[in-house]
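Chains A and B, in that order, give the protein sequences.
Here this note's numbering is used: the first residue of the first sequence is 1, the next is one more, and so on.
Here this note's numbering is used: the first residue of the second sequence is 1, the next is one more, and so on.
Worth flagging that the hints you see were computed from the coordinates, not collected in a lab.
Among the clues, some could well be false.
Claimed, not checked - PhoX-like mimics (lysine-lysine), calculated; alpha carbons at most 20 angstroms apart, straight line:
| # | chain 1 | residue 1 | chain 2 | residue 2 |
| --- | --- | --- | --- | --- |
| 1 | B | Lys140 | B | Lys78 |
| 2 | B | Lys142 | B | Lys78 |
| 3 | A | Lys74 | A | Lys128 |
| 4 | B | Lys78 | A | Lys96 |
| 5 | A | Lys94 | B | Lys72 |
Stated by the list, open to error - Have a look at the derived ranges for each label pair, beta carbon to beta carbon:
| # | chain 1 | residue 1 | chain 2 | residue 2 | range |
| --- | --- | --- | --- | --- | --- |
| 6 | B | Lys23 | A | Ala89 | 32 to 42 angstroms |
| 7 | A | Arg278 | B | Ala201 | 32 to 42 angstroms |
| 8 | A | Asn182 | B | Ala30 | 46 to 56 angstroms |
| 9 | B | Asn56 | A | Val107 | 28 to 38 angstroms |
| 10 | A | Leu13 | B | Gly69 | 49 to 59 angstroms |
| 11 | A | Arg98 | B | Gly229 | 15 to 25 angstroms |
| 12 | A | Met1 | B | Gly69 | 48 to 58 angstroms |
Fair warning: this is a prediction, and the values are worked out from it, not measured in the lab.
Ideal Cβ positions, reconstructed from N, Cα and C, are used throughout, including at glycine.
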Amino acid sequence: MLDLWYDLINFILPFQWLGHNFMKNALLAVLLVTPLFGLLGTMVVSNRMVFFSDSLGHGAFTGIAIGVLVGGIKPLTALVLFSLFFSIAITVIKNKSRVSTDTIIGVFSSTAIALGLMIMSHGGSFAKFSSYLIGDLLSITPGELGMLFCVFIGIVLLWLAIFNKILVISINPSLAASRGINTLLIEILFSSALAIVVAISIQWVGLLIINSMLVLPAAAARNVTSNVRQYHLVSVLFAMFAGVAGLILSYYWNTATGATIILIAAMLFFSTFLLRNRFVD
Amino acid sequence: MIENNWHTCSHSESDCGRLCCTKIENFNVAFGNTQIFQDVNLHIHCGELTALIGPNGAGKSTLLKAILGEVKHSGVLKYFDAKGVHSGHPLIGYVPQYLNFDLSTPTSVLDLFTAYLTNIPCWLTSSQRIRERVSQILVKVKAEHLIDRRLGALSGGELQRVLLALSLEPIPDLLLLDEPVSGIDQNGLELFYNIVSDLRANHDLSIILISHDLNLVAKYADRVVLLNGTVICNGTPEEVFNDPRTRNVFGMLVQHNAQDKIPSNKEDSSC
Chain A
1 MLDLWYDLIN FILPFQWLGH NFMKNALLAV LLVTPLFGLL GTMVVSNRMV FFSDSLGHGA
61 FTGIAIGVLV GGIKPLTALV LFSLFFSIAI TVIKNKSRVS TDTIIGVFSS TAIALGLMIM
121 SHGGSFAKFS SYLIGDLLSI TPGELGMLFC VFIGIVLLWL AIFNKILVIS INPSLAASRG
181 INTLLIEILF SSALAIVVAI SIQWVGLLII NSMLVLPAAA ARNVTSNVRQ YHLVSVLFAM
241 FAGVAGLILS YYWNTATGAT IILIAAMLFF STFLLRNRFV D
Chain B
1 MIENNWHTCS HSESDCGRLC CTKIENFNVA FGNTQIFQDV NLHIHCGELT ALIGPNGAGK
61 STLLKAILGE VKHSGVLKYF DAKGVHSGHP LIGYVPQYLN FDLSTPTSVL DLFTAYLTNI
121 PCWLTSSQRI RERVSQILVK VKAEHLIDRR LGALSGGELQ RVLLALSLEP IPDLLLLDEP
181 VSGIDQNGLE LFYNIVSDLR ANHDLSIILI SHDLNLVAKY ADRVVLLNGT VICNGTPEEV
241 FNDPRTRNVF GMLVQHNAQD KIPSNKEDSS C
C-alpha cells in the first residue's frame, strides 16, 4: 500500500526533499491531517471555541503523562481516552451550569496542565516528554499513517452528518432546540472530534502550537469568504498549502516542521487580513 | 403543502373559544431562589396575535423559553386543534430576540436555510432546487433579494424578517416572536407587524409576540397580556391599556387607536 505511494511520489514528484521515505510519509501525513484542521477549524472559529481547542492541547498533555505513568497501554490510547474525557466533561459542565464558559475552560485547562506537570516532573524525568512540546512530524510511522487515514475518513463522515446542525447551533442554540436538535449531543460529537484530532496529531505538531493549526487557516479564510462553501474550501486549501510549504521549507531550513507550518499559516492570515475589503462586502 | 390541512378549521367541542388553541397552565419558573414568574395561565387562540408586554425583567423572554421547553418549568402546555387530530404538543416556531453570532461569520442567508431545512451538507454542495425553495420562502417576508447576503451584513429589520421566514418552515401551530429591544427602525417595525398580521389571517396561526412598542401593539394585537411576575392583566388592547394596573406598571398613558382594529373575542378577559 505505502510502496504504491512511494512509487507514485518518485514518479510525479522526483524532488530531492522527497528522496527519503520519512519525507514521503510526512507528506502523506500532512495531506491527511491538514484538511481536518481546515474543516474543524471553521466551526472552532465561528463558535468562538478557540480557547476551548487550546485547552484540548493541555488536556492531551496530561493524557500523555497518565499514559506513561499507568503503563501497559500505549501512550496514544491513554492520550486519546483522556482527551475525550476532558472535552466531554467541559462540554457537559458548560451546558449544565450557568458559570461562564471561559471560566470553566480555564479551570479545567489549568488543572490538567498542573496534573500533567506533576506527573511528568516526578523523579526528574521531564526531559523525555519535551518532544511532545515541539512535535516531530518526521517521526511518523506507516502504522500511524494507517490510523490517520481511518481518522480522516471518520471525521469527514461525521462532518457530512452533523455540520448543518453545528451551524444552526452556532447561530442560535434556542432556535436549534426549537427545531428538535439535541444541542448537547451535537456539541459533544463536535468536541470529541476535535479532541481526537488534537490528541493524535499532538506528537507531530507539538503541544505549544497545535491550536494554531485549528485556528489560523479558518481565521484566514474568513477574511476572504462570504458563504459556508467558500469558507470551507479556502480554509482547507490554506491548511494544506501551509502544511506542504511548511514541510518543504523545514527540510531545507532544518527547522521544526510544525512551527514552520504555523508560520506560513500566520502569513496567510495577515495577507488575507490586509486584502479582506476586496473580497467581503 | 400540508400546512393548510393542519389549520383548516371546523367547529370543535373543546372548551376553546375558537377552533384550535394552545393552553398554558400554571407555568412557574425559578432560577435558584429567584422566582421569575408564577401561576401563568393563558389561552392562546388560533388566528390571534397575542402581545406580551411588561417591564424589563418581567419574565417575558423566559416565558417564551419555557414554552419552547428550553427553560425548566412547572406547568403544562397543551395544544388542541380543530378535530383533535393533532392535539398534544404544538409545533412551535420561534424568532429569537437576537442572534449571538459573530458578525464576520461567512454564512449567507441561503446557508442558514439549507442548514435548517435539509440534511444536505451545505459546506459541500448547493442545489438549484433548494435555492428556489428558499427564494419562495423569503418572498413571504419580502426578503428574496437577501438570499446571498452574509448574515452579518443584514440590518436589524432584515435579520428579523429572515428569522421570521425561517420559523415559518414548516408552518407552526404556535409562533413565538421575541422582538429586539432596539436596532430596528420604525419602517422596519411596521413592515414586520404587517407581515405578522397577514400571517395570522392567512395561516390561522397562534402568535405570541413580545413587544416593546405599545403603539404598534394597540394597532395590531388582538389580545394583550401584561406580565410582571405573573399575569397582571389579560384582554383586548382597549381593556388592558385602560386598566389602572397597566398605567401603574408603565407609569404613563398609552395612546392607541383601537378603531383600526378588527373586533376581537372578549371572552376570558380577566380585566
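Taking the hints in turn, this is what the structure says about them:
1. With a C-alpha separation of about 29 angstroms, the suggested pairing of Lys140 (chain B) with Lys78 (chain B) is violated against the 20 angstroms cut-off.
2. Among the hinted pairs, Lys142 (chain B) with Lys78 (chain B) is inconsistent with the structure: their alpha-carbon atoms are about 33 angstroms apart, more than 20 angstroms.
3. This hinted pair checks out: Lys74 (chain A) and Lys128 (chain A) have alpha carbons roughly 16 angstroms apart, not beyond 20 angstroms.
4. Simply put, Lys78 (chain B) and Lys96 (chain A) have alpha-carbon atoms about 27 angstroms apart, too far for the 20 angstroms limit, and the pair is violated.
5. Annotation: proposed proximity of Lys94 (chain A) to Lys72 (chain B) holds, straight-line Cα distance about 17 angstroms (limit 20 angstroms).
6. Distance hint check for Lys23 (chain B) and Ala89 (chain A): the Cβ-Cβ separation is about 40 angstroms, which falls inside the suggested range of 32 to 42 angstroms.
7. At roughly 47 angstroms, the beta-carbon separation of Arg278 (chain A) and Ala201 (chain B) lies outside the given 32 to 42 angstroms, and the hint is violated.
8. About 25 angstroms separates the C-beta atoms of Asn182 (chain A) and Ala30 (chain B), a value inconsistent with the hinted range of 46 to 56 angstroms.
9. Taken as a hint, the range 28 to 38 angstroms holds for the pair Asn56 (chain B) and Val107 (chain A), whose Cβ atoms sit roughly 32 angstroms apart.
10. At about 57 angstroms, the CB distance of Leu13 (chain A) to Gly69 (chain B) agrees with the hint of 49 to 59 angstroms.
11. Between Arg98 (chain A) and Gly229 (chain B) the Cβ separation comes to about 21 angstroms, which falls inside the hinted range of 15 to 25 angstroms.
12. Look at Met1 (chain A) against Gly69 (chain B): about 51 angstroms separates their beta carbons, and that is inside 48 to 58 angstroms.
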